[in-house]
Amino acid sequence: MASIELKNIYKRYGSGKDSNQVIHGVSAAINDGEFVVIVGPSGCGKSTLLRMVAGLEEVSDGEVLIGNRVVNNLEPAERDIAMVFQNYALYPHMTVFDNMAYGLKIAKMGSAEIRDRVDKAARILELAPYLTRKPRELSGGQRQRVAMGRAIVRQPQVFLFDEPLSNLDAKLRAQTRLEIQKLHRELGITSLFVTHDQVEAMTLAQRMVVMHGGVMEQFGTPEEVYNTPATTFVASFIGSPPMNLLKAAPNAPANTVVGIRPEHLEITTEGWALQVDAIEMLGAERLTYGRWVRSVSDEVVVIRSEEFLPAQTVGTTIHVTPKVGKLHYFDATTGQRKEQSQ
Amino acid sequence: MVERRPLLSVFTHLGLVIGIVIIAFPLYVTFVASTLTLEQVLTVPMQMVPGDNFWNNYAQVLTGGSTRGSTAPVAPMLFNSLVMALIIAFGKIAISIVSAFAIVYFRFPMRNFFFWMIFVTLMLPVEVRIIPTYKVVADLGMLDSYAGLTLPLIASATATFLFRQFFMTVPDELVEAARMDGAGPMRFFFDVLLPLSATSIAALFVIQFIYGWNQYLWPLLITNDESMYTTVIGIKRMIVGGDALTEWHLVMATAILAMVPPALVVILMQKWFVKGLVDTEK
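Those sequence lines, one after another, are chains A and B. First residue of the first sequence: 1, per the working numbering; consecutive thereafter. First residue of the second sequence: 1, per the working numbering; consecutive thereafter.
Calculated directly from the structure, the hints in this document are not laboratory data. Quick caveat: nothing in here was measured; it's all calculated off a predicted structure. Treat the hints loosely; a few may be bogus.
No farther apart than 25 Å at their CA atoms in a straight line, the calculated lysine-lysine pairs in the DSS-like style are these [what the hints assert, rightly or not]: (1) A:134 <-> B:275; (2) A:134 <-> B:271; (3) B:275 <-> B:135; (4) A:247 <-> A:323.
Covered by chain A, per the in silico footprint, the following chain B stretches (three or more residues, Cβ under 8 Å) [to be verified]: (5) 169-175; (6) 179-193.
No residue lacks a Cβ here, since even glycine has one placed at the ideal position from N, Cα and C.
Whenever a hint applies, use it, and build me the whole structure from the sequences.
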């Protein structure tokens, strides 16, 4: 097992004038045995970052350390890592057994030990009945497990996951999420998991990296990221519906964006006056969309309240009050969090 | 068919039957002629039922060729044709799969230049470069040899393109997975790429075998020794001067013999051939 350290990583494609920089100096230290999720919208550089750790992309600048060893110039196979790909990347002409054993065969491991390791992985992943089948005879979820099995049998220092759940249906995704968690608990191997899905990120991560435009916006536990977002981007990306980011809030300090999560607004008799625009009933909760009554700004404020509270009527004016201590302040120009008591 | 109506079925079947008759009738005539005596063949109109000289004629051509034209036996020619077709088919596949592998998976200087050079050769058919090629083969002393028969025909831009197109459909993730597993480029080639290309290879083999078997102009130029004749050349050498002098029954027997092996290859490899052309599952 090993820690991973990223030291001021840059990635550029091309060179000279035409060069296109996609990762702008990312530094992070991932502890031994930790499960870290890299999350961000598409094109934010999260997969590129993972592929640099894997050794599938060259690092333009900076250092990648796995277990205190600089691996910048090592081939993927020499880094003692294993990767699960988005489309599983199983060898179509090999059986499940051969798929899992291929890396071990190349590493010239004895066939008895290979069989041992594959059998063990197959037992953990409940793949034992399928070892002689070809990937095309398996369902999506089973293929996904074979891909994980291929990673497990190598007993690597680090697991890398590149959006492994995005090809599964919603039910299977939730189930596999739990399996991955269980696997991590049992094996305790340092894992890096890339996803664009914030639910996956929140549920799987011990700590998460939020990426945006090639920059690491925040690195922290899910609670930290949710409760004290470092930037307006993180605030709007994590949480559904996203945090209200208000420029026209009453009593807001100058040059400041005020953030408040929809569930932290209470409908009261006094407070911020809003005209109700629309109401969405989601079952256990209700979303109320309102606009400022006394402002030219057409900002929309979302309020999340539980379904048993009385519904408002569209077009009427309501008053809301933010819960104490739940307001966030961000610099309006940089988007950075301003630490400041309410 | 878009619609299923009895009348349409009759029409389409009629069309097919006409098509088959047009294609099969000459073959039938060839076969019938190959079982007759010379007198019977030269009778106008020729009879349309097989005669009883089948064994005589075939034994004659296989062991002694014709009596008035070339007297070279056809059996060694069949062997020559087979060797030539096999070397060309396997040579083309081997060379083009390796060059396609290089072009698709390696980043080397002037990669695009080489790619376009291969492309350019498509514009130069054998007939255009036949004089310089002959000169080269003659200077290398390869006239009347298997090397001379096959080497100039082995390079194949078409097959290189076919493999290139196939390789480009192999997902990048598979290459990356092999890298993670520690497979070097050649290991990846033999363990992953080659098995995945099996159906493409089979399809190409059929096409190239027939291409090699049916070569006419090139063997005609470079084979002077009877022992190096291919079957197709053998047919040509049996035809002499005027119509009446040529032993058509023997020529037709040789023609049938020349047709059988390619037909066998197609029939035996049919399943693979079709799979190679239409299969999309990777």
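Structure-based check of each hint:
no.	hint	verdict
1	A:134 <-> B:275	18 Å, holds
2	A:134 <-> B:271	21 Å, holds
3	B:275 <-> B:135	41 Å, violated
4	A:247 <-> A:323	18 Å, holds
5	169-175	holds (count 3)
6	179-193	holds (count 8)
Hint 3 from the earlier list is the only one contradicted by this structure; the remaining hints agree with it.
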